[in-house]
Each structure stands twice: as C-alpha cells, then as structure tokens.
Amino acid sequence: MYRRYLTALQRWTLGLDVWINRIYPSDLNPLYYTGGLTNLFLFVLVLSGIFIFFYYVPSLNGAHASVAYLTEQVPYGGLIRGIHRYAADAFIVAALLHLFRNWFTDRYLFARDSPWISGMFLLLFGGFVGVTGYILVWDERALVVFSEFVRLMRSIPLVGDRFAWVLQAGPGISDETLPRMLLLHVGPASALYVLLWWHYVRLRHPKVWPPATWVLTSLGIVTVLAAVVPAVSGTPAQPGLQPRTMWLDVFYLLPLWLAGYLPPLLVVAGIGLLFIAGFAIPYVNREDPQAMGVRHAGVAQVVDGNCTGCELCYYDCPYNAIVMVPSPYPGATRAAANRKLLAVVIDSRCVECGICIGACPFEALELPAFMEGDLQRRVAEAVRA
Amino acid sequence: MTAAAAGAPRVVGFVCDWAVATAELTDEAGRLRAHPSVVLIRVPCSGFIRPSWLEDALRAGADGVFVVGCPYGDCLNREGNYLMQERLEQLQRRLQRRKVEPERLAMLAHGLHDREAFLADVADLLAALGRLRPPAAAPTRAATPARASAEEGGS
Numbered sequence: 025m026y027r028r029y030l031t032a033l034q035r036w037t038l039g040l041d042v043w044i045n046r047i048y049p050s051d052l053n054p055l056y057y058t059g060g061l062t063n064l065f066l067f068v069l070v071l072s073g074i075f076i077f078f079y080y081v082p083s084l085n086g087a088h089a090s091v092a093y094l095t096e097q098v099p100y101g102g103l104i105r106g107i108h109r110y111a112a113d114a115f116i117v118a119a120l121l122h123l124f125r126n127w128f129t130d131r132y133l134f135a136r137d138s139p140w141i142s143g144m145f146l147l148l149f150g151g152f153v154g155v156t157g158y159i160l161v162w163d164e165r166a167l168v169v170f171s172e173f174v175r176l177m178r179s180i181p182l183v184g185d186r187f188a189w190v191l192q193a194g195p196g197i198s199d200e201t202l203p204r205m206l207l208l209h210v211g212p213a214s215a216l217y218v219l220l221w222w223h224y225v226r227l228r229h230p231k232v233w234p235p236a237t238w239v240l241t242s243l244g245i246v247t248v249l250a251a252v253v254p255a256v257s258g259t260p261a262q263p264g265l266q267p268r269t270m271w272l273d274v275f276y277l278l279p280l281w282l283a284g285y286l287p288p289l290l291v292v293a294g295i296g297l298l299f300i301a302g303f304a305i306p307y308v309n310r311e312d313p314q315a316m317g318v319r320h321a322g323v324a325q326v327v328d329g330n331c332t333g334c335e336l337c338y339y340d341c342p343y344n345a346i347v348m349v350p351s352p353y354p355g356a357t358r359a360a361a362n363r364k365l366l367a368v369v370i371d372s373r374c375v376e377c378g379i380c381i382g383a384c385p386f387e388a389l390e391l392p393a394f395m396e397g398d399l400q401r402r403v404a405e406a407v408r409a
Numbered sequence: 035m036t037a038a039a040a041g042a043p044r045v046v047g048f049v050c051d052w053a054v055a056t057a058e059l060t061d062e063a064g065r066l067r068a069h070p071s072v073v074l075i076r077v078p079c080s081g082f083i084r085p086s087w088l089e090d091a092l093r094a095g096a097d098g099v100f101v102v103g104c105p106y107g108d109c110l111n112r113e114g115n116y117l118m119q120e121r122l123e124q125l126q127r128r129l130q131r132r133k134v135e136p137e138r139l140a141m142l143a144h145g146l147h148d149r150e151a152f153l154a155d156v157a158d159l160l161a162a163l164g165r166l167r168p169p170a171a172a173p174t175r176a177a178t179p180a181r182a183s184a185e186e187g188g189s
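The listed protein sequences correspond, in order, to chains E and R.
In short: position in the first sequence from 1, add 24, done, that's my numbering.
In short: position in the second sequence from 1, add 34, done, that's my numbering.
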C-alpha cells in the first residue's frame with residue numbers, strides 16, 4: 025500500500041523532472057539542488073540575521089521599537105529585514121522540497137539513513153527557529169503566536185508546565201521572556217550547522233551549493249521581493265489586550281491555526297507523531313530489498329592481491345565507505361608487495377552502487393552480484409548473436 | 035533475426051538500474067525490440083562501468099557501446115553519471131589514438147520515464163554508427179575483428 029503510493033509519487037516527481045528538463049538543461053534543474061538551495065538560504069539568513077542582531081533590543085518595551093528603528097531609520101535596514109523574512113520562507117520551502125524529493129526518489133535507503141535522520145532534526149530545529157523568529161518582532165501577531173505556543177506546551181501532561189516555564193523564562197510573560205526567545209532563536213539556528221555537519225559527514229563531495237545561476241536568481245528573487253513587498257510589523261504587542269485584526273501566516277503556522285479548532289494536546293500529539301513517522305521512513309520495508317524493487321548487488325569487496333593502494337576508489341566513493349589503511353603485510357603478489365596502502369570497504373556505509381569498481385583500473389574491487397566475468401560473458405554473447 | 039537487423043551495427047548498452055526503465059522495451063536477453071542489434075545490460079549505477087569493459091566490448095566485435103545514467107545532477111549516488119561521463123571522455127581520447135572513432139562510445143542520461151527520448155538517442159547513435167562504417171566492409175562480420183586486431187598490433 026505504502027509502497028504503491030510511493031511508486032506513484034516517484035513517477036510524478038520524475039515526470040515533473042522530465043518536464044523541467046525541457047526548459048532548463050538538466051544540470052540546472054532547480055529540483056536537483058533543493059539541498060543546496062536550502063543551505064544557500066540558511067547562509068543568507070545567518071548574514072542578514074547578524075546584521076539585525078546588532079539593532080535588536082530584547083525587551084518588552086524596546087523590541088517593537090528597535091525593529092521599527094531598523095526598518096525605517098537604518099540605511100537598507102528594511103531591505104535586510106525583508107531579506108531575512110523571505111529567505112526564511114524560502115528556506116522552509118526548499119527544505120520541504122528536499123525532504124519530499126529525497127523521500128519519493130528512494131534516497132534514504134541502506135547507509136543513507138544517517139542524512140535522513142539528521143535531516144529530520146534539521147527540520148525540527150529549523151521549524152522551531154522560524155516560530156521564535158515570529159515572536160521576536162513582538163507585535164500583536166507575535167503575541168498570539170507566543171501565547172498559542174505556550175498553550176500547546178502546557179497541554180502536554182506532566183512536563184508541559186516546565187516547558188512553558190522554560191519558554192517564558194518564568195511563570196508568565198516578563199522582561200526575561202524576549203531574551204529567552206532571542207536565545208531560542210539564535211541558539212538552535214547555530215545548532216543547525218552542527219546538524220549539517222552530521223548531514224554531510226558520510227558524503228564525499230556533497231552538493232552544498234546550487235549552480236551560480238541559481239545562487240544569483242534566488243538572491244535576486246529574495247532581494248526584489250524584500251524591496252517590493254517590505255516586511256512590516258503589526259501594532260505593538262500589549263499582553264492582556266485582545267488583538268483586533270490579525271493576519272496569520274497559515275502556510276508557516278498551520279499547527280497554531282489548527283489549535284484554534286482542535287484540542288491542543290491533539291495538535292501536539294499530531295506533530296509528534298509526524299516526526300516519529302518521519303524518523304521511521306528509512307526503516308520501513310527495510311527488511312526486504314527484493315520487495316522494494318532494489319537489486320542486492322552485495323557490498324563491494326576488495327581483491328587483496330590486485331590492490332595497489334592508488335586511492336582512486338577512495339576518492340570516488342560518494343559515501344566515504346572506503347578507507348585506506350597501511351598495507352598490513354608483505355603481500356604475495358607484486359601489487360601487494362609494492363603498495364603502501366590497502367583499500368578497505370566499511371560494510372555499513374556501502375550502498376552497493378559499484379562506483380568504486382568503475383574507479384579501479386586494477387580489477388581490485390568487485391560487486392558479488394555483478395562479477396566482471398559474468399558481464400564480459402554477456403557482452404560476448406551480445407556481440408556474437 | 036532478419037537480414038536488415040544482421041546488417042545493423044551491433045551495439046552493447048549498459049543501463050543504470052535507476053535510470054530509464056527498459057523492462058518493457060527489451061526481450062529476456064536484453065535485446066531492444068525496436069532495434070534488435072542493440073543489447074542492454076543492467077548495472078547498479080552508471081559509475082559501476084569500468085572503462086576497460088567498454089574497450090573490451092569494442093574489441094570483441096561491437097560496433098558501438100553506450101552507457102545510460104540518470105540525468106546529470108540527479109544521480110541517485112550523486113556522482114555516478116558525472117564520473118562515468120569523465121571516464122568515457124578519457125577513454126574516447128585514448129581510443130582515438132588507436133583510430134577508434136569517438137562516436138562509437140556514447141554517454142546518455144535519461145530518467146526513469148524518459149523512454150521516448152532514450153529510444154530517439156539510441157536511433158541517433160545507430161544512424162551515426164551506420165555512417166561511420168565504410169559501406170563495403172559493413173555486411174561481413176570478418177571486417178570488425180580485423181579492425182580490432184589492427185588496434186591490438188598498435189598497442
């Protein structure tokens with residue numbers, strides 16, 4: 025059932041690619057660089073965020089005024105605030121595209137669960153940073169978001185009140201609240217880079233940046249949007265007063281919107297279940313590669329006698345699954361006797377793609393299910409027939 | 035096999051498991067229905083192909099070889115098709131010194147559902163190979179091993 029839906033989604037995803045590749049050359053297809061685009065927007069957010077940080081005053085009376093001062097008085101302040109605002113939207117959009125694309129095209133199988141799990145943490149942290157970012161502006165909308173967020177937290181049994189205390193830095197909204205929010209905005213945002221290290225650690229040559237065309241286009245779109253539709257604050261927040269009219273960003277804050285209609289505990293449980301399901305994705309169906317339509321090539325094997333320690337496979341393995349160790353003993357063959365290093369495959373990191381076999385000119389690597397001899401025989405049959 | 039197919043250029047294609055789906059295009063032996071002189075061999079990734087296998091296929095009597103990977107930028111293993119493209123270009127340059135035309139080796143990139151574009155590219159490749167061969171030498175099988183052994187002598 026799940027598998028069938030996933031196959032349909034994969035068909036649509038790749039069908040969309042075919043369509044986009046008619047417009048762009050395929051190596052400029054923006055959907056091939058969703059991860060790079062996310063990283064680009066994060067970089068933009070960090071730079072613009074540092075700028076805003078110097079002007080922001082985290083106090084109940086000063087916050088709204090300091091944001092207004094930044095927007096109206098500081099040269100280009102409004103523009104940079106707008107860039108921060110729209111790059112955040114773009115970050116979430118790109119991250120979700122990245123998630124769905126890699127899910128639908130099976131890029132979480134075997135040893136690739138590590139980027140998937142770290143990706144779920146990145147999404148969790150990124151979403152949280154987004155919410156605290158809303159609150160920092162401290163207008164009416166921020167107050168509603170904040171009180172709803174606290175209400176959701178309080179609904180959790182046993183620990184909910186403690187969470188709310190941590191969020192507010194006290195029993196209720198006080199002068200300690202906004203510094204706490206600033207910490208909870210900047211801290212998890214910095215933690216994103218630690219998680220990114222985990223996200224990349226098993227990848228050799230990760231595609232961290234999109235092509236220059238898309239870097240410039242994305243920066244241009246965000247800048248133009250920030251100039252044409254400036255990011256503005258609502259009226260200052262006044263705790264205790266009911267907001268009159270308010271425009272809530274449904275796209276970003278869907279759970280808070282839902283909490284208006286459903287019991288808060290249900291919403292919290294829903295979000296929790298969504299994440300648990302997300303973490304489970306790489307492990308569903310994992311038992312049976314045959315049923316998944318994946319051929320088991322077997323982990324790459326090093327043919328000891330042929331390995332010359334040239335490191336070509338080590339450079340080309342996309343998953344850092346090959347390490348070079350000092351050649352352990354004087355080998356029997358000439359290659360083994362003269363080498364300094366020996367390639368070793370780390371089984372748990374190997375995704376059985378066989379790229380190391382193509383890299384090795386010395387026939388020192390093989391995939392158990394695709395032996396060179398069998399392939400040569402099939403080629404011979406093909407040309408003889 | 036028909037007489038027309040017997041005269042057609044013999045081509046071996048290595049197809050990545052994640053690239054274009056060919057199950058409906060071939061018979062059990064991997065022979066393309068549309069072009070019976072083309073045999074497809076499925077491999078786990080285009081980067082799996084050792085360039086010497088392509089050379090061996092040409093030496094064994096194939097008129098052309100090609101590798102099909104995913105669209106550039108969309109390799110499941112991120113790099114397989116780029117690596118293969120580079121290795122294939124190096125092989126083309128290397129074989130050119132032995133008077134093997136670069137047109138005999140091709141790198142194609144087609145996604146899972148790019149069936150039509152894939153078949154069109156194969157047809158183009160066959161047409162290019164047809165133009166390469168001197169018409170007089172074309173029909174007999176003896177002509178191709180002779181070319182191959184001539185290369186051997188040079189190396």
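Just so you know, these hints were derived from the structure itself, not from any lab.
Given the structure is predicted, the values throughout are model-derived calculations rather than measurements.
Don't take each hint at face value.
[Claimed, not checked] If you want a taste of the chain E side facing chain R, the calculated C-beta under 7 Å gives, among others: (1) D51; (2) N53; (3) P54; (4) Y56; (5) C377; (6) I381; (7) G397; (8) D398.
[Said to hold, decoys possible] What the simulated footprint calls covered on chain R by chain E, stretch by stretch (three residues with Cβ under 8 Å from a Cβ of chain E suffice, anywhere in the stretch; the number is not a length): (9) 78-89; (10) 119-128; (11) 139-146.
Just so you know, even glycine gets a beta-carbon here, dropped at the ideal spot from N, CA and C.
Inset, instruction - For the hint on E:P54, just tell me whether its beta-carbon gets within less than 7 Å of chain R. - result: violated, 10 Å
Inset, instruction - Take the stretch 78-89 of chain R, compare each residue's beta carbon with every beta carbon of chain E, and decide whether three or more fall closer than 8 Å. - result: Since 9 is at least three, the answer is holds.
Inset, instruction - Please verify that hint: E:D398, Cβ, nearest Cβ of chain R, below 7 Å or not. - result: Interface hint status for E:D398: violated (10 Å vs cutoff 7 Å).
Legend entry - Satisfaction of the E:I381 interface hint, Cβ to chain R closer than 7 Å: holds, 5 Å
Inset, instruction - Tell me if E:C377 is really an interface residue toward chain R, meaning its C-beta lies closer than 7 Å to one of theirs. - result: holds, 4 Å
Legend entry - Satisfaction of the E:D51 interface hint, Cβ to chain R closer than 7 Å: holds, 4 Å
Inset, instruction - Would you check whether E:N53 satisfies its interface hint, that is, whether its CB is within less than 7 Å of any CB in chain R? - result: holds, 6 Å
Inset, instruction - Would you settle whether the hint for E:G397 is holds or violated, based on the nearest Cβ-Cβ distance to chain R being less than 7 Å? - result: Because about 11 Å separates E:G397 from the closest Cβ in chain R, which is outside the 7 Å limit, the hint is violated.
Legend entry - 8 Å C-beta criterion, at least three residues: is the stretch 139-146 of chain R covered by chain E: Answer holds; 3 residues pass the 8 Å Cβ test.
Inset, instruction - Answer holds if the nearest beta-carbon of chain R is closer than 7 Å to that of E:Y56; otherwise answer violated. - result: holds, 4 Å
Inset, instruction - With a C-beta cutoff of 8 Å, work out whether three or more residues of the stretch 119-128 of chain R approach chain E closely enough for the coverage to hold. - result: With 1 residues closer than 8 Å to chain E, the stretch 119-128 of chain R misses the three-residue bar; violated.
Comparing the model with each numbered hint stated earlier shows that hints 3, 7, 8 and 10 do not hold.
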